[in-house]
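Student: Here is what each chain is made of, one letter per residue.
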Amino acid sequence: MLINCVAYQRGHKLADIPVEDISEYLAKPDCFVWVALKDATPEELAKMKAEFGLHELAVEDANHGHQRPKVEEYDDELFVVMHLIDERDGKLEAGEVHVFAGHNYILSVRNGSKRDFLGVRARCEREPKMLAQGSGYVLYALMDAVVDRYFPIIDKLETELEALEERIFTKGAARSNIRRLYRLKLKVTQLKHAVTPLMDATGKLHSGRVPEVCVRSRHYFRDVYDHLSRLNTTLDGIRDTIATAIQVNLSMVAIDQTEIGKRLAAWAGIFAVATACAGIWGMNFTHMPELQWEYGYPMALGIIATLSGVLYWQFKKARWL
Amino acid sequence: MLINCVAYQRGHKLADIPVEDISEYLAKPDCFVWVALKDATPEELAKMKAEFGLHELAVEDANHGHQRPKVEEYDDELFVVMHLIDERDGKLEAGEVHVFAGHNYILSVRNGSKRDFLGVRARCEREPKMLAQGSGYVLYALMDAVVDRYFPIIDKLETELEALEERIFTKGAARSNIRRLYRLKLKVTQLKHAVTPLMDATGKLHSGRVPEVCVRSRHYFRDVYDHLSRLNTTLDGIRDTIATAIQVNLSMVAIDQTEIGKRLAAWAGIFAVATACAGIWGMNFTHMPELQWEYGYPMALGIIATLSGVLYWQFKKARWL
Amino acid sequence: MLINCVAYQRGHKLADIPVEDISEYLAKPDCFVWVALKDATPEELAKMKAEFGLHELAVEDANHGHQRPKVEEYDDELFVVMHLIDERDGKLEAGEVHVFAGHNYILSVRNGSKRDFLGVRARCEREPKMLAQGSGYVLYALMDAVVDRYFPIIDKLETELEALEERIFTKGAARSNIRRLYRLKLKVTQLKHAVTPLMDATGKLHSGRVPEVCVRSRHYFRDVYDHLSRLNTTLDGIRDTIATAIQVNLSMVAIDQTEIGKRLAAWAGIFAVATACAGIWGMNFTHMPELQWEYGYPMALGIIATLSGVLYWQFKKARWL
Amino acid sequence: MLINCVAYQRGHKLADIPVEDISEYLAKPDCFVWVALKDATPEELAKMKAEFGLHELAVEDANHGHQRPKVEEYDDELFVVMHLIDERDGKLEAGEVHVFAGHNYILSVRNGSKRDFLGVRARCEREPKMLAQGSGYVLYALMDAVVDRYFPIIDKLETELEALEERIFTKGAARSNIRRLYRLKLKVTQLKHAVTPLMDATGKLHSGRVPEVCVRSRHYFRDVYDHLSRLNTTLDGIRDTIATAIQVNLSMVAIDQTEIGKRLAAWAGIFAVATACAGIWGMNFTHMPELQWEYGYPMALGIIATLSGVLYWQFKKARWL
Amino acid sequence: MLINCVAYQRGHKLADIPVEDISEYLAKPDCFVWVALKDATPEELAKMKAEFGLHELAVEDANHGHQRPKVEEYDDELFVVMHLIDERDGKLEAGEVHVFAGHNYILSVRNGSKRDFLGVRARCEREPKMLAQGSGYVLYALMDAVVDRYFPIIDKLETELEALEERIFTKGAARSNIRRLYRLKLKVTQLKHAVTPLMDATGKLHSGRVPEVCVRSRHYFRDVYDHLSRLNTTLDGIRDTIATAIQVNLSMVAIDQTEIGKRLAAWAGIFAVATACAGIWGMNFTHMPELQWEYGYPMALGIIATLSGVLYWQFKKARWL
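Chains as they are written, first to last, in the UniProt record's numbering: chain A, 1 to 321; chain B, 1 to 321; chain C, 1 to 321; chain D, 1 to 321; chain E, 1 to 321.
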């Protein structure tokens, strides 16, 4: 679905143009065309391919979807794939945006995400001096917008992890902790798949042989690279902490087990003594003088209580109870 | 076993030719010969070696089999080894395909897999413009076909893993989970051995000094590289998740243990109290006044029941029961 | 907030100058201006941007804060971000310092840390020969001061770890050990995030294509790099040791468990024998001759005591008790 | 001990020559001398050093032994160290072979292994066309022979691992499994020390700046590299699988423990109920009407049996028994 | 403290010279001065700095101490830091040696180790041909001596590990094993910190752009590199084995636990049966005919013994006892 199709000249909007006129505007000097599509059909892409002369393999990738994030150069055309990650009901949902960038055009195709890039266009149009850098700047603005959306999601993961860290050392929460840590791990993995390859690919847009399209905006691409690199470090940190937290959680379970074992042993001991005493005075020997004593019974109860008390006190002292 | 042997000129099929005429066709301009063998005998390979002038070491490797995936350059000849992986009855079976590619010939030898590459030839013949790129394009088409067959297998592994993730947090399935995780791990390792070296080798076909044969189709080889790279990332992700899942499974077992320990301790405590009481009133002292009371027995039962009840309630409250 | 703004010429202080005169002094030969800000407002930064002609993206980063440590080159301007880490009440608090360095100016902006860099300025002014190297030397002096502050913090972590190592092998401290190890791990991670990226970035200031500003002081930057590299190795060592310590702690818990299991089993066994004996002599058979024996009771007690003693001795020998 | 000393010219054997004549033959065109020593004494090596002009450090290494696998270039001389690994009684025994290779000589010194390289010499002499490539081809043939001997050993390790995999999921074998896995791990480590450094070193013989001696046989050295690379991957795979297997084994032990805990709890519960009932009816209250009932006893037994039966059935249903 | 100060010319000792004459001898052709200090004071270093013209940062490092091993180039001066590791009473003690090397001088400063380098000087003086290579050869000789001293220490660690490996599979040693493994790990880490950075630094002395001082002795530095590389591999191997051994030890503890659990369960079961039987015949029902039987009591004992025996035998068969 076409969202909009606009021609720009020296940083200023010329006009909303119909798709058919694109090639006409492409021929004008210092002019570039910026087209935004959403959930594009193969037919729409085919039309764009014809208008802009896009490379077949790039269009095929865009049609097929499910690409990993990447930046590919086809002669003087750039094809950029980025993942869009939205959070809904505690789950991460993935979409994709494909951007085709040439020296006088930019085409973005958004799939499976509800959040649009209208804000990016508005911001660009408010800064004609920047926009005058051409399609490279628009590519930067799109990438920057995508990357900026990763931050709140990753912040949320960090908050979630911190909340979990408090809980690890609480008794009785081991089962839910481990489940949450696992879920968190899966989310981090998903974000890593979005961030790391994009970071690697963006690195090629600001250092070494920078593609023609990006040369004028290379400092800006380094800025995007820098953000991605920060996100990547944060994700690695979270991942590492989760791994430690899983181990710590297991340790806490084992420690719990030991403590329960100690309490079980302590109470078993106390009652075993009582039962053994009672058993002994319950034997049927004829000649058991204490059985006939007037205060034999209270004495027996007293002995049992005393023994139990001493044991209890000993276990208490040894911190088994 | 010879499957077919065809000569092509400028993207079009010239003729099915007998093996003996190969060298004749190789001499024609803009012409290349595409031979497909299956489970080739040393004799067949020797004949091919003579016709195409293949390098001795490459032929030796093809005869010997059990190679790791690789791309080797012998002067202007390429020798490519790829693993074919089929799934049968939940098990992965491995075959191999060896491809010899020169500027005017392509020879593929398939071993130990039931699925053929006739579809590749058909597809190539339907697109003469592509086929006109020469033997490099055929090599691409073969590699693409092999790599495409990895996708459904890896998808299946992902599905299997997701099913297992559900089960990890279920009680009582630990034993079968761990077994399945282990089996899954072995499959992932097998696929890694197929994918990673091939990815590394394919990298050399599209960047840096690209072999002569592949120059015209280098964008296509990058596409193959890209697919392999995606598969590789997915496999690494699965592997990492399996490692975590094994740890989580162990944690769940430990948590289960703790819970059983608690229940054991709780019931042992309740019965120990009852038994101790009964033991005390079973002692044979002469002077135990409550034994003569008319309602002594019900009182005793009542006390025992009450104590047990209180304990039960306490354990319930502490979630040990 | 402006802390100070001073012009230097050939290593000597010229004058404290008002911010408005900066551009005037920048025009003088062999002269550079060193400005220090603290918790700068966007307005202050905007003024500095105008005076020194700072790059927009660098200023934006400084305004935004929360950068990872880095060294960025904008044409002939360097932008350096470093983390300031203070310890308060056993917790690490993070601040940031941003340094803009050109061939004739140096601007440092300190955020969120209470410790200033007045000592650095004083030291520099005492060594005019060094200061004559220009703004590069000041940049070195600032970096050196920041890095030097990491040492006592990391030393403290090492001391903490050593104290923990003693405790791991002590019984009964597992729960607090694991908690402390985890806290320590988090601190190490935080310091790693400060040290490692800064080390990588500093590497580019002494080898390869060294930025113009740093060329005259390159040996000094290697010294900073070397310190960072030592810190990094130490942190990696601590991290590795923590991982091992967590495993060892878990092992100690498991060993404790086994020992408790053994003691529980031993005592359960001893009392089970006593109770079984008493139970047998408490049976109500008419014909149990030993019950009528005059010394039956003491004999019974003797047998029970002997059996218990033998068992106790056996368990003692097997080191279960 | 000298094994043999032969001069070759253009791929053909000239003569068995005495050690003293070596320098004479070295002077002939297109001629090279191949000497094989076994457990060479320092004196023998000194003589060889004089004849061939070997580098002092290489000879020192050969005298000293216990080198890691390596390929060292001393001007136009190559010094190659390889590990020979034999299996005896399930243990791996390590020997070493040192090869000195110059453009017109090859000297191999074998230490501590019973298997000789006579087969290599015979094979080379049967292929004069190959041997005509000179000393580089002989070096290849020796390396190929050494590497080929690693294959059956590593195959055996794989077989051993597969046998163990079957056993991991068997109950009661945990102790012997873990011991075997550990032994296997040590063997893999030993082989890794033989294979990995040799692989890295061999890499330099076929790509980049290839030493003069090896230039004509570079495709052959790539073949050796390829074999080593396959072995290396296999060893890494085994190592990874062992690590997982150790974890799985631990999980199986924990699962076993849980099951034993459940059975213990179940039986303890059943008998606790019986004992408590018996204890109650063994109390000595005067007024316990059921004690006088004619069928009181069978009733009591019935109740106890019923309760036990119900418990047993419940535990069975919950799979605790 | 000055140990000695000697001038050499063309490999031969000229004279022991006073420190004041150093600059005089430095001016002579083909002459170099070799000074050895021990626990040098800042004043001594300042004097040396003046005589040899050492770089300020290098001298500062030497004064400060606690450097990581490194090789630094200051124009045509080399500054080398190495760790000296001695073993005393089973503990590793670390010292440092700093070497300043120029084309006509060598200055070594030894700190905190009792073992001197007199042997190195003696060996060098015995080989004038070698010593004629100049200060580079002396640097090599010193490095070689330091590295050679690591070997026996690492051999001892290996022996210690092997002794531990035997003990891991012994019952009841888990607690001391884990403690020893941990101590061993710490030692390995300390040695890694000495070996790995030195290895990396030495790599730059034999390949790539080799510093002027070392050019004539580059094969010798490769030899040092090679030794360090072997040590490094060995240390990595030990470290890896320790990690596995810790896991194996934990597994053995878990297996022990399971076995104790089984024995506890078995004995608990046997006694529970006996106690339950005794309890039943201890009930006070009026009508329990077997109580009046003449052989009731032996029969009861017989039944109890039989049941216990059967259970015992069953448990024995199932290897629980």
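Bear in mind the hints are in silico, worked out from the structure with no lab data behind them. Careful, some of the hints might be misleading.
No distinction is drawn between identical chains; accordingly, a pair holds when it is met within one copy or between any pair of copies.
The calculated lysine-lysine pairs, modelled on DSS-like cross-linking and capped at a C-alpha distance of 27 Å, are [claimed, not checked]:
(1) Lys171 with Lys316
(2) Lys192 with Lys156
(3) Lys129 with Lys47
(4) Lys171 with Lys262
(5) Lys156 with Lys70
(6) Lys129 with Lys49
(7) Lys171 with Lys317
(8) Lys316 with Lys38
(9) Lys192 with Lys70
(10) Lys317 with Lys262
(11) Lys13 with Lys316
(12) Lys262 with Lys316
(13) Lys70 with Lys204
(14) Lys129 with Lys13
(15) Lys47 with Lys28
(16) Lys114 with Lys49
(17) Lys156 with Lys171
Student: Confirm or reject each hint.
Tutor: Now for the hints, and whether the structure bears them out:
Both within a single protomer and between protomers do lysine 171 and lysine 316 lie at most 27 Å apart by alpha-carbon distance, with minima of 20 Å and 16 Å respectively. In this assembly of identical chains, the alpha carbons of lysine 192 and lysine 156 lie at most 27 Å apart whether taken from the same copy (15 Å) or from different copies (22 Å). For the homomeric pair lysine 129 and lysine 47, the shortest alpha-carbon distance between copies (21 Å) is at most 27 Å, but the shortest distance inside one copy (31 Å) is not. In this assembly of identical chains, the alpha carbons of lysine 171 and lysine 262 lie at most 27 Å apart whether taken from the same copy (16 Å) or from different copies (13 Å).
For the identical chains of this complex, lysine 156 and lysine 70 are neighbours both inside a copy (25 Å) and across copies (25 Å), given an alpha-carbon limit of 27 Å. With identical chains, the CA atoms of lysine 129 and lysine 49 are at most 27 Å apart between copies only, with a shortest distance of 18 Å across copies and 30 Å within one. For the homomeric pair lysine 171 and lysine 317, the shortest alpha-carbon distances inside one copy (22 Å) and between copies (15 Å) are both at most 27 Å. Proximity of lysine 316 and lysine 38 under a CA criterion of 27 Å is satisfied in neither setting, with 70 Å inside one chain copy and 57 Å between copies.
Proximity of lysine 192 and lysine 70 under a CA criterion of 27 Å is satisfied in both settings, with 13 Å inside one chain copy and 21 Å between copies. For a Cα distance limit of 27 Å, the shortest separation of lysine 317 from lysine 262 qualifies both inside one copy, at 13 Å, and across copies, at 20 Å. In this homomeric assembly, lysine 13 and lysine 316 never come within 27 Å of each other (Cα to Cα): the closest approach is 82 Å inside a single copy and 72 Å across copies. Taking the shortest Cα distances, lysine 262 and lysine 316 sit within 27 Å of each other both inside one copy (11 Å) and across copies (19 Å).
Proximity of lysine 70 to lysine 204 under the C-alpha cut-off of 27 Å is found in both arrangements, the shortest distances being 11 Å within a copy and 18 Å between copies. In this assembly of identical chains, the alpha carbons of lysine 129 and lysine 13 lie at most 27 Å apart only when taken from the same copy (12 Å versus 40 Å across copies). In this homomeric assembly, lysine 47 and lysine 28 come within 27 Å of each other (Cα to Cα) only inside a single copy, at 20 Å, whereas the closest approach across copies is 40 Å. In the homo-oligomer, the alpha carbons of lysine 114 and lysine 49 lie at most 27 Å apart inside one protomer (25 Å), although the nearest pairing across protomers, at 39 Å, exceeds that limit.
In this assembly of identical chains, the alpha carbons of lysine 156 and lysine 171 lie at most 27 Å apart only when taken from the same copy (25 Å versus 30 Å across copies).
Violated hints, in rising order: 8, 11; the structure is consistent with all others.
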